[in-house]
Each structure stands twice: as C-alpha cells, then as structure tokens.
Amino acid sequence: EAGVTQSPTHLIKTRGQQVTLRCSPISGHTSVYWYQQALGLGLQFLLWYDEGEERNRGNFPPRFSGRQFPNYSSELNVNALELEDSALYLCASSSSGRAADTQYFGPGTRLTVL
Amino acid sequence: AQSVSQHNHHVILSEAASLELGCNYSYGGTVNLFWYVQYPGQHLQLLLKYFSGDPLVKGIKGFEAEFIKSKFSFNLRKPSVQWSDTAEYFCAVTLVSNDYKLSFGAGTTVTVRA
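These protein sequence lines map, in sequence, to chains A and H.
113 is the number that this note's numbering gives to position 113 of the first sequence; each next residue is one higher, with no gaps.
Every position in the second sequence, counted from 1, becomes a number in this note's numbering once 1000 is added.
It should be emphasised that the hints constitute simulated quantities derived from the structure, not laboratory data.
Keep in mind that the hints are not guaranteed to be accurate.
Unchecked claim - With a Cα cut of at most 20 Å, we get these calculated SDA-like pairs of lysine to any residue:
#1 13(A) with 98(A)
#2 1049(H) with 98(A)
#3 1049(H) with 102(A)
#4 1049(H) with 113(A)
#5 1049(H) with 29(A)
#6 1049(H) with 82(A)
#7 1069(H) with 100(A)
To be verified - A partial selection of chain H residues facing chain A, derived with a Cβ cut-off under 7 Å:
#8 1057
#9 1104
#10 1106
Even for Gly, the Cβ is constructed at its ideal location relative to N, Cα and C.
All chains should be modelled from the sequences, with the hints used to inform the complete structure.
Below you can see the structure in the form of structure tokens.
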C-alpha cells in the first residue's frame, strides 16, 4: 500500500512569492492534515481537511490556505512568502477525522525562502 | 494555554541502557495520546497510541508508554535500547472534542552509542 506522498521534495522561493504544495493521502483516507516543522519550533498544526471541507486551522495567518479535492488529495498555498516560512511542510492523512485515528505522515516538502 | 512538554531535548545512551522519555500535557478533558518517531532520513511514524482502556500501552520495537491521568503524563520507555533506536521522538496529543488537531511536543533527540 502506498503511503502519503508529497510534492515537490524541495522548493526555493524568494520573499513575496507564492507557493503551492501538494499531498496525496493513503488510498481510502478522507482526512488530510498539514503541519509546519520550522527549526526550533517543532511541529505546528496548520490545517485539517475532511471530505473536501476545511474543518480546523491552526494559528497561522490567512495567507496560508488550502483545499481538498474530490479524490481527497490536497494543496497547501502560501502567499506573500516571508523568510520565516522556511520550514519542512508535512502532510498527514487518516481514515477519518476521529481523534483516535492514527495520522500517517508523508516525507514532507522542504521550503526555503530567500 | 494548552501545551505538550517533552522534558529532554537530547538524550545520549549506550546500547542496552534503559530509556525513559517524559511527556506532559496541559489539556483538560479527554485526550488521545501518541508517540511518533522519526528515524534519520525517514518519515514520522507511529510508535504507539493510547485512547482508552489499559493505561500501559505497548508499541512497535519494544517500546511502551504509561498514561498517568493524575499526572497528565504519557512517558515512553524501552528497557534496553539498540543503536537503531537513534531517532527523534515526538509526543502528541489530541483533545477528544470537535478539535481533532494533533499537538506535538518539541521532540527529543535520542542518540544511542554502540
């Protein structure tokens, strides 16, 4: 069974640009979660999508947004990039949005903002 | 504020030593608790989880954790570590309510010397 996949693996952008990250969940999973892992800040919850709807978001500004498609894949968009957006962005999926469900993580996209 | 605390940033052990990593959370209410591990160059993966029942849970690779509700703790243990246990370990909590986001501790880097 294929795991969670993310693309691209690495990305370099400059301040003010926009970026789109992609995630494909494990087959059969309907919930997708996005996390930011910045140096020294640990893993911070960004967004949760389930059945195509945004269910929850973390304490991030509105320039972080995303969506989930009918096939349950997801995009994370970051507008007006700032230097502090440099981080590893992790996507996870679970079979549903229940709190006891295990979240399975992808390899991440490393974003560098110059 | 709700938080997850991991007491040790970096632990260095010799093979066959015992390991205990502390995790405390500050959430009120019913929680689900997880330990994730990230081996060098690999994805985050689940070690074990607790959501109800026996507070002593066993996970993969000989790890176990004990949920002590009165202490708001979920410490991870392994009686005898191996070099291959070198990794970063993350404690995580979800609150069993409408808010199903996973909140992570800062992580503990474990280095096992051969």
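These are the hints, each one checked on the structure:
Note on residue 13(A) and residue 98(A): the hinted pairing is violated, with a Cα-Cα distance of about 35 Å set against a maximum of 20 Å. Among the hinted pairs, residue 1049(H) with residue 98(A) is consistent with the structure: their alpha-carbon atoms are about 14 Å apart, no more than 20 Å. Annotation: proposed proximity of residue 1049(H) to residue 102(A) holds, straight-line Cα distance about 8 Å (limit 20 Å). A distance of roughly 35 Å separates the Cα atoms of residue 1049(H) and residue 113(A); the hinted pair therefore is violated under the 20 Å criterion.
Of the pairs offered as hints, the one joining residue 1049(H) and residue 29(A) holds, with about 19 Å between alpha carbons and a cut-off of 20 Å not exceeded. For a cut-off of 20 Å, the pair hint linking residue 1049(H) to residue 82(A) is broken: about 36 Å separates their Cα positions. Restraint check for residue 1069(H) and residue 100(A): satisfied, since their Cα atoms lie roughly 17 Å apart, inside the 20 Å limit. At its closest, the beta carbon of residue 1057(H) sits 12 Å from a beta carbon of chain A; the interface hint therefore is violated under the 7 Å criterion.
Hint status for residue 1104(H): holds, given a least beta-carbon distance of 4 Å to chain A, under 7 Å. Because the smallest distance between the Cβ of residue 1106(H) and any Cβ of chain A comes to about 4 Å, under 7 Å, the interface hint for this residue holds.
In terms of the numbered hints stated before, the structure departs from hints 1, 4, 6, 8, listed from lowest to highest.
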